[in-house]
Structure formats: C-alpha cells, structure tokens
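Dock chain H against chain L, hints included.
2 protein chains.
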Amino acid sequence: MRFSQFPISTTKETPADAEVISHQLMLRAGLIKRIAAGIYTWMPLGLKVVRNVERVVREEMENAGAVELSMPVVQPAELWEESGRWEQYGPELCRLKDRHDRDFCLGPTHEEVITDLAKTEIKSYKRLPLNFFQIQTKFRDEIRPRFGVMRSREFVMKDAYSFHENQDSLEQTYWRMHEAYSTIFDRLGLDYRPVEADTGSIGGSHSHEFHMLADSGEDDIAFSTESDFAANVELAEALLPEQVKTDFEPLECFDTPGAKTIEALEKRYGVPATHSLKTLFVEDAQGELVALVLRGDHQLNEIKAEKIDGLSQPLRMAQETAVKTATGASFGSLGPVNLNARVVVDRAASVLVNFVCGANEDDKHLKNVNWGRDIEHYEVADLRTVVAGDPSPCGAGVLEIKRGIEVGHIFQLGTKYSEAMNATVLDQNGKSVPMTMGCYGIGITRIVAAAIEQNHDANGIIWPAAMAPFSVVLIPLGMEKSETVAAAAQALYADLKAAGINVAMDDRKERPGVKFADCELIGIPLRVTIGERSLNEGVVEVQGRRDSEATNVTIDAAVAYVVDAVS
Amino acid sequence: MRFSQFPISTTKETPADAEVISHQLMLRAGLIKRIAAGIYTWMPLGLKVVRNVERVVREEMENAGAVELSMPVVQPAELWEESGRWEQYGPELCRLKDRHDRDFCLGPTHEEVITDLAKTEIKSYKRLPLNFFQIQTKFRDEIRPRFGVMRSREFVMKDAYSFHENQDSLEQTYWRMHEAYSTIFDRLGLDYRPVEADTGSIGGSHSHEFHMLADSGEDDIAFSTESDFAANVELAEALLPEQVKTDFEPLECFDTPGAKTIEALEKRYGVPATHSLKTLFVEDAQGELVALVLRGDHQLNEIKAEKIDGLSQPLRMAQETAVKTATGASFGSLGPVNLNARVVVDRAASVLVNFVCGANEDDKHLKNVNWGRDIEHYEVADLRTVVAGDPSPCGAGVLEIKRGIEVGHIFQLGTKYSEAMNATVLDQNGKSVPMTMGCYGIGITRIVAAAIEQNHDANGIIWPAAMAPFSVVLIPLGMEKSETVAAAAQALYADLKAAGINVAMDDRKERPGVKFADCELIGIPLRVTIGERSLNEGVVEVQGRRDSEATNVTIDAAVAYVVDAVS
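So the sequence lines, in the order shown, correspond to chains L and H.
So in UniProt numbering, the last spot in the first sequence is 567, and the numbers never skip.
So in UniProt numbering, the last spot in the second sequence is 567, and the numbers never skip.
Bound-form chain L, shown alone:
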C-alpha cells in the first residue's frame, strides 16, 4: 500500500472528550471517526487492525471445530418473547417497529435466534455437538457510552453458541473454547488472563472471563503470584487463615465516646483495624436482620453475602432504627456479643483472639473478646473481598490485584434457552430432551482498543505484530529529487511484497519528520528509512517501533532482515 493513495489522517491534538489513552490515540492516529455517541466509523487504517483480529479469531474458532454462519442484526420480538427476555432486558435492548408496526430489536446477542435455528434444524443427538459462530455488528444502547470503541453502542463481536446432548459434551466444548481463546490472545500478542467469573442467575458449573490487563480496565482481577489462578476480585475466595494460639485475656468494656469508626478506634485508642471487628446488619426479603461480622480492615463482598444459606433475596443493608431496636445501640457501637440475631462471621474475623468490638451500647466497646467464650452462636463464612497479599485460594502464592478489560466471556448456559424455546432433540434412548447449550463471546473491536492500552508510549501506538495494519513502512527521503532513492525504495517495496510482507511505502509529499511521527503514532512495528547518504554507503536504516536507535542493514540483506524481524 502506498500512503499517497491511502487516507492517513493523523492529528497532533489530543481530543478533549477522550478520557483514556487508547481512545485518544485511536482518534489521533485516524483509526476511527465518531458519528454519534458510541457510534464510530472504522477508517481504512483502523479497519485493517479489526480485520487482523477477525482473521485470527476465525481461524482459531474453525480450528476448534466451530462453524461460521451469519445471523441477522434485526430480530423479531416474537423470539425474545419466547425466551422471556423481551420483558426482562432493560433499555440497552434497542427496540424498533417496522412499517407494519411489528416489534423488532437490534440484536445485542443472539441466543434466541440460534436456539430457534437449532430447534428446527437439529432433531437428533446424532447431529450433536454443534458449535456455531459469527462475527457480526451488534448494538447495545449503553446508557453512557465511553472510552471510544471500548464501550461503544455499535460494535463487532464474535459470538458462538454450542449445542449438546448433555453436560459432559458441553464441558468438552467449553474447555476447547477456553483453549481456543487462550490461543487467540496468545497469537494476538496480548497480556491477558482467563478469570473465573460469576455464573450468575443462570447457573452452570463454569464461566470464565478473558481479561486484558490494563490500568484503565473497569474490573479488578485477583491473580496468584505462583500459579495460573485468576478471578474477578468480587469472586475470589478468601481462605480461612490459621489461628495463632494465644491465651484468652479477661473480657473488658471501655468507654469510646464519639468513636464510631474503625479509624477513630485506631487513632484514639490504638486498636489496630486488623484487631477489631466491624458488625454490619443486613435485612433479607423476609425482614430478618442478620449480623455480618468482618475484621476492621476488610470489606464486605455483597455477592458473597447473597450466597449465605437461608436468606431470602434480595438483601439490603438494614436501617439504623431497625438495628437500634434489635441491639439497643447505634451504628458504630455494634458487636456480636450478646446479640439476639443470627451472626455470620467472616473467616478472617473468626480466627482473631482477644479482639475489640462494639459493646451494643452507645459509646462503649469491648476488648479481649473471644469467639466461643464470649459469643456462643455464630457461623463462619467467606464474606469479604480479597485484598492484595491474601493467600491465593489455589494454594500457591499470594494474590496480586490488577485492573482488567473484559474482552471475552465463555459461559455454560445449560438448558435456560432450550427449555424456554422448546429446543429439544431425541437422545440416545429416543427420549425428547432440551439441548444443553454454551455461549462464547469475544469483543473484536474492544480488543483493538485494549491492545493500545497495553501497547503504547509517548509517541503513539505500538501494535503487536499480528494486529499491525502494516508490518513495515518504507520511508524514502527526498524520493522526488533522488532517482537513486526512488529506485531503491521501489525495488525494496516490490521485493517485500513478493516475499508476502504486509508492507507500506510512505510516498506522500511530506517532510521526513512528519512521516517518522506518523509512523510512530500509527504504531507500525518496523520502519525502513531509505536515504541517499546511507544508500551511498550501501545501507538502509531499520528501526523497530520499540527500539531507541536504528540499525544499518546492507541493501542486499534488507529483505531477509525485514522478513525475519516481522515474522
């Protein structure tokens, strides 16, 4: 590709409304152009990157036995009514009416369409398993589109849906997809982690999110320093620590006027947060008050709290008046001693000895409190959100926490959709059973932005090789004036093309400084500078995007050098 015939539209100005670096660089490098909030045109340079991602995803999906099809963008409401999601789905589902006033939506996801398809196409277990995928434009009416294509309304997604006779078969495909996703992100050269995710209300035994690590990520991911373990921070298990053997001291009550927080207790009375308890009350749907007890420095994890046995969902934090009625004390003086309520204690809090907690009497605390001796009835559960340095639940290493951008999600759907939509097959015994399903998504366009979050410097984007719009750019200096330069550039360009290299030549009538800056901004992995002076010495200058200096390579060796460098 010659840049004289290709629209390179870079700018030095940082767009005011772009909050994250990838959004800024994508606009500055001319990869995308905004049409409306969360709706972008992919410019030629950006589209090349998208196509590179699509190619890798398509190849690996096919390698893993998935078959490509293409479902419509516009979907009839009837199918969504069958699954029940026409009512359930919020305003992110963009609904519309056709000229005959019939209801449709823009597909944010395709479970309904594919389940309806499988229902009519697949009658027997003999046709199973089947895994269909598509790479398609989707629309979700985000309330606050932001970060450019990272959270846009229109985006390109690879979504796959698998159909099975039973759970065993689903598990096989599920792990094959897990492996395919890992291969995809490896091939794209990205720093990612498969992360255990919440299986949510659908159930199913497994769900993994694939996160790319980046400071601008919207999720916190906990990793083991010693193993592959990674989980969303919300979901990572906090282990039961070992108890340090210490003799019980006599229980004491002391006055703590006005000290209503863990911090105040630490500051004024020298009680370390790690040695005090915080007692929170939640109220379940039946109105039952339950005390949740954590170590002073720990945070309640609401997802974990919802999993406590015997509580009616949803839970909410109890009102102070209700708590005062039950305990006799206000917030800030609560504790598990002599409490007329169910007490659930976090694991870390449950191993404390001679600790401090509220006395259930305003402005009073207890010290040298001990489980068993002072509180007879309590349950222990995992209630807190893990923090960096916690032992990893996998048993190896400690947890580290980083921010991640979710770019993939694999999910065991089970029979949620096939039951609702009556998508059954005859099994090996001739019995009609709902098909077991899995679904597997990758955010194609989001990957492009996330890759930039991971790979950039002050001068611009640094594309991983597999994603780069061009592998190498030739920059001839003074091509218009020097026939030597023009001839050498043309020859090298032709030779690299012949060698199958995705090569570009910046033959625009621009100053060398502009070309160098553009080449760095748009993130081409390798550039070859062809100037008269160096040609007279028989060399061209080759510089990798991450290199601080150029390397002189003889003209004869240039093709082989470039081929080697970009492969």
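These aren't lab readings, by the way, just hints derived from the structure by calculation.
We treat Cβ as the ideally placed atom computed from N, Cα and C, and that holds for glycine.
Incorrect hints may have been included.
Here are the simulated DSS-like cross-link-like pairs (lysine-lysine), alpha carbons at most 30 Å apart as the crow flies [to be verified]:
1) 33/L with 123/H
2) 431/L with 119/H
3) 123/H with 126/L
4) 119/H with 48/L
5) 307/L with 402/L
6) 497/H with 48/L
7) 119/H with 12/L
Footprint (simulated), chain H over chain L, 3 or more residues, beta carbon under 8 Å [to be verified]:
8) 31-44
9) 55-69
10) 87-96
11) 111-118
Using the frame of chain L, we list chain H on its own:
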C-alpha cells in the same frame, strides 16, 4: 471440511411460500433460514458462497484503487436532516429512537455518513480523488419483501463513494468502476450486462445498472443483437423509421359503432393495429391537455412522455370528461385530425401513410388519414417503449428483450450531497468548491440468488467455480466397512487440501443416494466417488455437476485431474 462436522441441512420439500427457483433451492439446500419476513440467517453453507462473492468484490475494488472502511449500521437523524433525506425518504427507511429519545435510522445507504466524513477529513484537492468502499449489512424496510434474499429487508451490500475535484476526475473513476464491475461479474462466471440507466432527478451524465439475465428478473432489458448496447426497456430509444413512399388516398369517414379499441377495429373492420393510431390525452400540472399519438400496436412510455418539452410535471392521464369537453368525443373515437390541442406524435406513428384514426366523433373513424395534409400542427418525439425486433439505437442489429436482475448500479452523484452538507475542498486556485461525488453499489447477497436463477437444473444448484462453497466433494462408498475406501478417501482428501483445493468429504453416515442427491442439490462443481470396486480397478469416478456421466480417473492421476478441473 468433513460433512460429519458441518451442518448440511437439505430437504426434498419445496417450500410453499418460495415463488422463484433460487428461493426454493436456497431453502432446500439449506443456504438460508428465514427469521422474519425478508430477514434471513445465512447458514454455514450459504455464508461460504457470500464470502466468495465478497472476496472477489473486495479484490477488484482494491485493484481499482478503492480503500475499504466500515461505516455504522445505525445512523443519527441529524446527518439525514442535513442532506434533506430525513423528510424525503419514504417508509423504506427504518427509523428508531435510542434510550434518550434521539432519532436514528438503520442505514439503507451511506451517502450522508461518508459525505460528513469526507467533509471533516478532506480539506484540499491534493487529497483527491479518493474512493471509499465498505461491505456491510444494510436494512431497507421493503413493503413486500420477496424472492428470498433477492428482495430482502436485511442484506449485504458493497457500497463505494468517490470524491473528486471536478467532473473529469469523477468520469475517470466512474469508468474505472465500470471496468471493475465487469471484471467482478466475469470472475464470478455470471451472464450479465451493463445497462444504461435513468440518471433520474439527480442528473449527472451517466448511470449504469449491472443486470444478471434471468427469467425471474424484475426489469426488462433491451439488447442489441450485434453490439454491446443494452438499456433498460423504459429508457431505450426508439429510432425514427424510414417512410415508405405511397400516394395519399382521399380521406374518408366511416361508422364504427361500439368499436372502442384497437383490437375491435382490427377484428371488425380489418384495420391492422400497425396501421391505426391510438390517441391518449395527458394533463400537465398546469391543467393543459396534450394529445400523445402512437401506432395502435405500441405502448406509451411514461418516462419518455415526461421528457416532452414545455410540460409542467407531474403529468397524469386526463379524465374522460375533460377530454370529451375538449374534443367532443369519448375515449375510443379520438384522433389528431381537427384537434384543438397540442399534438405530439411518436416517431413510428409519424411515418404512417393513409392510416386510420378516431374521428373525434363518437362511433366514427377516419381512413386514409395523412400527416401534413390532414393534420397541420404536430410535433414528433420518441414516446413509445421499444419492442423486440426494433432496430437498436446504437445503429447495429435489432433489439432483443430479456428480463434482468439488477445486481449493481454505478452513479454520478455530482454535488448533490456535498452541496447540501457543505463538503468543500480548496481547489487548485485556492477556491472553496463542493466535492464532486460518485457512488457505486453491488448487492452481494442478491448476487447469490441471481447466480442460482442462472445456474440450476432439475436436481439443484450448479455453482460457478468462483462462488462454489466447495470446489469438489469426495464421496467414499461404504467407508465404515472398507478400510481400502477409507484410506484412499483420506489420502485423496489430504492431497487435495495440500494442493490448495477447497475440498469437502461427505463422511456422513448416509446412504450413497442421499449423498449424491445432496451433492447435486447444493451444487458442488465436481464430485469424486471412491468405491471398493473401482479402487480394485485402480480408479475413482469423477463427475462434473453438468456432466451426464462420470469419468474413471486412475488414483495416481486423481489429484492432478481435480486440480485441473476446478482451476
């Protein structure tokens, strides 16, 4: 691809609601599946064909210097208000509101988005010409979707838009696109014609439609038997015939009670339709009545009538009461003699001698009427629709008329959009001028259906080589029982794959008859049957989709034979 792992979903039943053969065969072969009226899923087999068409289109667009980008499906109303089309476009434009109640539409075409893009990206003539294309899902809310994907609501289109400093530059790109389109349809192996089309209200000096010839086409195309000339029947010029020299006979009036049609005149009074006139009255927007006179056997062409000088648009057929007031006669007895109205005569009618026409008195006609002698004031114009056998307006051969399916359209837009949306550049003189634009569309998914209309037989589809989902299918007979067959089939499959052939193996557990029938229905160009008996003779059976019999080919020569046959 092994069919055991690929969803082949054929059926013998002809779907009741499919009117045309391509729609029937696409459903029967399992290429598409209907989701709603005019909305289809492309099944894996069908998608392979779509991708093949896309690949050829993409390559030829790039060869012709066009650059690919991707514009959004969902477009903001603001842009359409700028161009004026938000009001003008009818209910085919699918309008919707987002969660914030802002107006959007699903793009049926992208002039507004690309003009807005060019407006902000291109400031100087130095960046021109530029030709952008995309291959994209579009939506048009057809009032009556039909013929499957031929006239669907959601479809895939290649649309391109070029930008120029002036008309000369546009013309260059226009003809380059004309050539690229011809190459595309040639490569796809289709029978097509570039057809001169109406430039309509936008103007511009040229517009061509590309039509594929097929009986189910919705347009009538007139071709020269001797040249490349082709035009939409509505637009083809009817030439002025030479006049046969004959002496004028004396004018006579005769009674024709109840004979109010050309047919009645012919039947009862022996007047050939080719020798009588029909006189029609149109009324222009100012209320002026104009008589349009044609030969009895010819049809008025309304597009041509609208081009008569001096008439205010729109025209409509005059009411009989108005005509009777003006002429004194009812419909069926009208003629141009002694008429107090403007008379415009079609070329073919203007060379008749001693002809018959209505006498402008009910139930009376005139015979031996002659132009000049009996009618002094009249104008001659091209008013009729051409018919088969007319001399071609190109001067060579006569016209033949066939039905065509429009699969491409190239168009000179001029400055319609750039003026409305203020998309200007600085020209060579530093003056701000609106960019001159062209647009170029190809109906990707429609081509798939049209190709089937052209290429099928009683057994199913017959894909042109470049479009076929697989180039060759291997059909091993009794693979489960015969290790010889299994080994030979596996080896041939591997060798063909290694040779770069798009090969499939039908390793499903189905009877040979089912496999043969499916192979013909889905239209694979070549099949290789591998059976134990023929293997014992050292051969396999190779049969082209259009062949009536198979050819025995030795096993050693099979790869070379297939490679040669499908290349």
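Fill in: Those earlier numbered hints the structure runs against, lowest number first
2, 3
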